[in-house]
Structures are given as structure tokens and as C-alpha cells.
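Residue numbers (my numbering): 400 to 795.
Some hints here could point you the wrong way.
Stated by the list, open to error - Cβ pair distances, simulated, as ranges:
| hint | residue 1 | residue 2 | range |
| --- | --- | --- | --- |
| 1 | K611 | L682 | 16 to 22 Å |
| 2 | I441 | S733 | 53 to 59 Å |
| 3 | N628 | D461 | 29 to 35 Å |
| 4 | E437 | S733 | 54 to 60 Å |
| 5 | S572 | S733 | 23 to 29 Å |
| 6 | E437 | I673 | 48 to 54 Å |
Claimed, not checked - Straight-line Cα separation of at most 25 Å, DSS-like style, residue types lysine-lysine; simulated pairs:
| hint | residue 1 | residue 2 |
| --- | --- | --- |
| 7 | K536 | K411 |
| 8 | K639 | K684 |
| 9 | K488 | K439 |
| 10 | K589 | K674 |
| 11 | K406 | K488 |
| 12 | K611 | K625 |
| 13 | K501 | K611 |
| 14 | K649 | K608 |
| 15 | K488 | K440 |
| 16 | K614 | K643 |
| 17 | K611 | K684 |
For the record, the hints were derived by calculation from the structure and aren't laboratory data. Think of the CB as a built atom: it goes at the ideal place given N, C-alpha and C, for glycine as much as any other residue.
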Amino acid sequence: MLVFEFKAYGNKSQFTAVDEAIRTAQFVRNSCLRYWTENKKIDKYDLNKYCAVLASEFPFADALNSQARQASAERAWSAISRFYENCKKGISGKKGYPQFQKNCRSVEYKSTGWKLATDRKSIKFTDKKGIGKLKLKGTRDLHFYSCSQIKRVRLVKRASGVYVQFCIDVDRSENIEPNGNTIGLDVGLKEYYTDSNGITVENPRFFRKYQKVIKRLQRRVSRRIKGSNNRGKARQLLGKRHLKISRQRKDHAIKLARCVVQSNDLIAYEDLRIKNMVKNHCLAKSINDASWYQFRIWLEYFGKVFERVTVAVNPAYTSSECSSCGEIVKKALSTRTHVCKCGCLMDRDFNAARNILSRGLGTVGHTGTFALNASNALGDESSTFAGEILHQQVMS
400 MLVFEFKAYG NKSQFTAVDE AIRTAQFVRN SCLRYWTENK KIDKYDLNKY CAVLASEFPF
460 ADALNSQARQ ASAERAWSAI SRFYENCKKG ISGKKGYPQF QKNCRSVEYK STGWKLATDR
520 KSIKFTDKKG IGKLKLKGTR DLHFYSCSQI KRVRLVKRAS GVYVQFCIDV DRSENIEPNG
580 NTIGLDVGLK EYYTDSNGIT VENPRFFRKY QKVIKRLQRR VSRRIKGSNN RGKARQLLGK
640 RHLKISRQRK DHAIKLARCV VQSNDLIAYE DLRIKNMVKN HCLAKSINDA SWYQFRIWLE
700 YFGKVFERVT VAVNPAYTSS ECSSCGEIVK KALSTRTHVC KCGCLMDRDF NAARNILSRG
760 LGTVGHTGTF ALNASNALGD ESSTFAGEIL HQQVMS
């Protein structure tokens with residue numbers, strides 16, 4: 400499934416209609432959630448039937464496309480089913496009980512309610528909300544895909560305007576020649592990551608660079624009167640700055656992950672629990688600014704696209720364990736050099752990256768899904784042929 404996004408252009412009345420459609424989608428979702436709380440023994444099909452009841456009772460709900468109402472009901476059921484799954488798994492802490500949505504920013508259409516122009520430069524929404532024809536501007540080309548391949552169309556509202564997303568049903572895969580390289584990645588705050596070859600990538604720190612600007616914009620918002628037009632304008636400027644930072648993080652993660660996956664046949668990385676790590680209030684801002692989880696998501700995605708193996712290993716003792724002799728050398732977080740009694744002296748992150756690669760190769764070796772020679776990384780001999788990649792591999 401590919402998602403292409405385009406900037407939408409229209410007049411003020413059209414964007415007002417978009418806001419009304421988003422509010423209606425939020426109303427349908429919250430109504431379905433209320434219906435579930437009153438009748439716990441229902442399924443997603445009952446929620447779809449309840450959408451017709453809402454359309455008969457409320458004219459503004461009937462103005463929204465019927466499949467768009469069903470998509471909103473599916474969002475409610477997605478939250479309900481996730482809660483059920485967490486309860487069955489018996490996870491500790493909160494189970495994620497479904498909550499009512501207060502600030503929805505998107506509405507989703509299925510196969511009806513919209514019509515794409517033949518030149519693929521505009522889209523017309525045909526329901527009774529009055530959105531009409533919106534011009535599209537973007538870098539993607541929709542001419543390669545037929546309208547039958549477009550399964551969903553979303554209208555998304557952001558600080559910089561309204562965007563149209565197309566969810567296209569297509570399998571993306573690219574075949575490249577194996578090169579026999581393996582790599583282990585140790586992410587950090589000082590450097591974005593250090594690999595098992597000793598190469599480091601600088602941490603861009605996008606939020607830190609614009610922190611003074613954001614503080615100034617936040618003070619401007621707090622000084623404005625609530626509900627005034629000036630406060631709305633100040634919030635708009637603050638939202639645009641945050642949106643720019645999030646886009647910079649995403650762009651950096653995509654480009655870096657693609658480069659790493661294309662250059663190696665196996666990528667081992669730490670299976671970090673970011674949710675628990677950000678509980679440290681001293682490092683939470685820097686951890687969120689690094690966006691490690693987004694980098695991992697794109698590593699796994701490009702691993703599937705280019706048919707590479709990505710392995711998430713247990714991060715326990717990767718920094719304290721000596722990569723040469725296996726001895727545990729305890730060290731504080733401020734200690735950046737690994738010194739072992741066996742004579743091993745190297746950077747702390749470099750040592751951790753070597754351990755991560757060793758564990759990744761050990762995990763894949765036990766499953767029998769990948770065959771590589773690891774001698775160029777750690778000096779160990781492999782029991783299988785070098786450079787061999789099976790087509791049916793186990794991805795992360």
C-alpha cells in the first residue's frame with residue numbers, strides 16, 4: 400500500500416465545507432463509540448448499520464458520503480479491537496480504553512464520493528457537503544495507477560493547509576544485488592548512530608535548532624486573548640513551525656534508512672522501548688528530538704522493499720559487554736570510552752554496535768533464514784556461504 404499526498408487548493412467556502420465534513424466524521428466516530436459503550440456485545444458490522452441510523456436522524460450526517468460514514472465507524476472499531484487485544488495479551492498498565500475524539504483532523508472516503516480528473520490534477524467530491532473540485536499539487540504522478548487501485552482518499556487538515564492523500568493498492572519491491580555487508584547500529588544522543596564499522600552520523604537536533612523560535616511563538620500565543628483572531632493567527636504560526644520540524648525529522652529518517660538498507664544485506668539494531676525511555680524527564684526532549692522509532696520504522700519498510708534482513712536485538716548489556724572477550728564492564732552514562740582488562744580500548748558506542756551486530760547474526764543464524772559471512776565485520780567465520788540471500792526471509 401502506497402500513500403501519495405498532494406496539497407489541495409480551493410476557495411474559502413470549499414475549505415469551510417472540508418471542516419464540516421471532518422466534524423461530521425468525528426461525530427459519527429464518537430456516536431459509534433457511545434453506541435458500543437451502551438451495547439458491549441456488538442461487532443464492527445453493527446457499527447456500520449448504526450451509521451444508517453445516524454444518517455436518518457441527523458441531516459448533516461446524511462450529507463456525508465455513506466462510505467465515509469462507514470470509514471469513521473471503522474476507526475471507532477479499530478480503537479475498540481485494539482483495547483480487546485491489549486486485554487487478551489494481559490499487558491501491564493493501561494489497556495488503552497477507547498476515548499472520544501475531541502480534535503479530528505481528517506475524513507476518509509472509500510471508493511465512492513469522489514471523482515479524479517483525467518489529467519490527475521484535480522479531484523471532485525460528489526457528496527452533499529459541497530466541497531466540490533479541489534486542485535492538486537505535488538511531486539507524485541498518479542498516471543501510473545488506475546482509479547480502481549485507489550482504495551481510500553483522505554482529506555487531512557494541517558497547519559499549512561488541506562492535503563489529499565491517496566491510498567494505492569500496489570506491492571512495492573525492488574531487487575538489488577547482494578553485497579555481503581552486515582552492519583549493527585547503536586543509536587545515541589551525541590551521535591545519531593554509530594555502526595559496527597566505526598562510522599558515525601551526526602545528530603541533526605532539529606527541535607533544538609528552532610527552540611528559541613518556538614519559545615517566542617508560544618509566548619505570543621499565551622499573550623493573546625482566548626478566542627480572538629490574533630490568537631488563532633499565533634497558533635497557526637506555531638503549528639507551522641512544529642510541522643516543519645516533523646517533516647525534517649521524517650525526511651532525515653527516510654533518506655538515512657534507505658541508504659543503510661541499500662548498502663547492507665543485514666541490519667541489526669536495538670529493540671528499544673521509547674515509551675519507557677522518555678519517562679526520564681532529563682532526556683525526554685532529546686530522545687523525542689532524535690526520533691529513533693521513526694528511523695526504525697523506515698528501516699523495516701525499506702528492508703521489505705529491497706528484500707534485506709532487519710533484526711531487532713535485545714539492547715541489554717550491549718554497552719557494558721566487551722565485544723572482544725565478552726567481559727561485563729560497568730560504566731556510567733557519562734563514560735564514553737570502553738576500557739577492558741583484555742586490552743580492548745574503543746568508543747563506547749562502537750563497542751555497542753559490534754555487540755548488536757554479533758547478536759543479530761546469532762539470531763538469524765539460529766532461525767536459518769539468512770546466510771552471510773560475518774568475517775568482514777567481527778572476524779568470525781560463518782558456516783554458510785557468503786552473500787547468499789534466500790527469497791523467503793523473515794523480516795522484522
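Now the hints, each set against the structure:
Range check, K611 to L682: Cβ separation about 20 Å, and the 16 to 22 Å hint holds. In this structure, I441 and S733 meet the distance hint of 53 to 59 Å, their C-beta atoms being roughly 55 Å apart. Hint check: N628 to D461, Cβ distance near 33 Å, so the stated range 29 to 35 Å holds. Under the hint 54 to 60 Å, the C-beta atoms of E437 and S733, about 56 Å apart, fit the expected range.
Evaluation of the 23 to 29 Å hint for S572 and S733 yields a failure: the beta carbon distance comes to about 45 Å. Separated by about 36 Å at the C-beta atoms, E437 and I673 break the suggested range of 48 to 54 Å. A C-alpha spacing of about 18 Å is found between K536 and K411, which places the hinted pair at or below 25 Å, so the restraint holds. Simply put, K639 and K684 have alpha-carbon atoms about 19 Å apart, close enough for the 25 Å limit, and the pair holds.
Restraint check for K488 and K439: satisfied, since their Cα atoms lie roughly 19 Å apart, inside the 25 Å limit. This hinted pair checks out: K589 and K674 have alpha carbons roughly 20 Å apart, not beyond 25 Å. Taken as a hint, the K406 and K488 pair is broken in the structure, with Cα atoms around 41 Å apart against an allowance of 25 Å. At most 25 Å may separate the alpha-carbon atoms for a hinted pair to count; K611 and K625 meet this at roughly 23 Å.
Taken as a hint, the K501 and K611 pair is broken in the structure, with Cα atoms around 30 Å apart against an allowance of 25 Å. Annotation: proposed proximity of K649 to K608 holds, straight-line Cα distance about 16 Å (limit 25 Å). Using a Cα cut-off of 25 Å, the hinted pair K488 and K440 holds, with the two alpha carbons roughly 20 Å apart. Using a Cα cut-off of 25 Å, the hinted pair K614 and K643 holds, with the two alpha carbons roughly 15 Å apart.
A distance of roughly 14 Å separates the Cα atoms of K611 and K684; the hinted pair therefore holds under the 25 Å criterion.
In summary, the numbered hints that this structure violates are 5, 6, 11 and 13.
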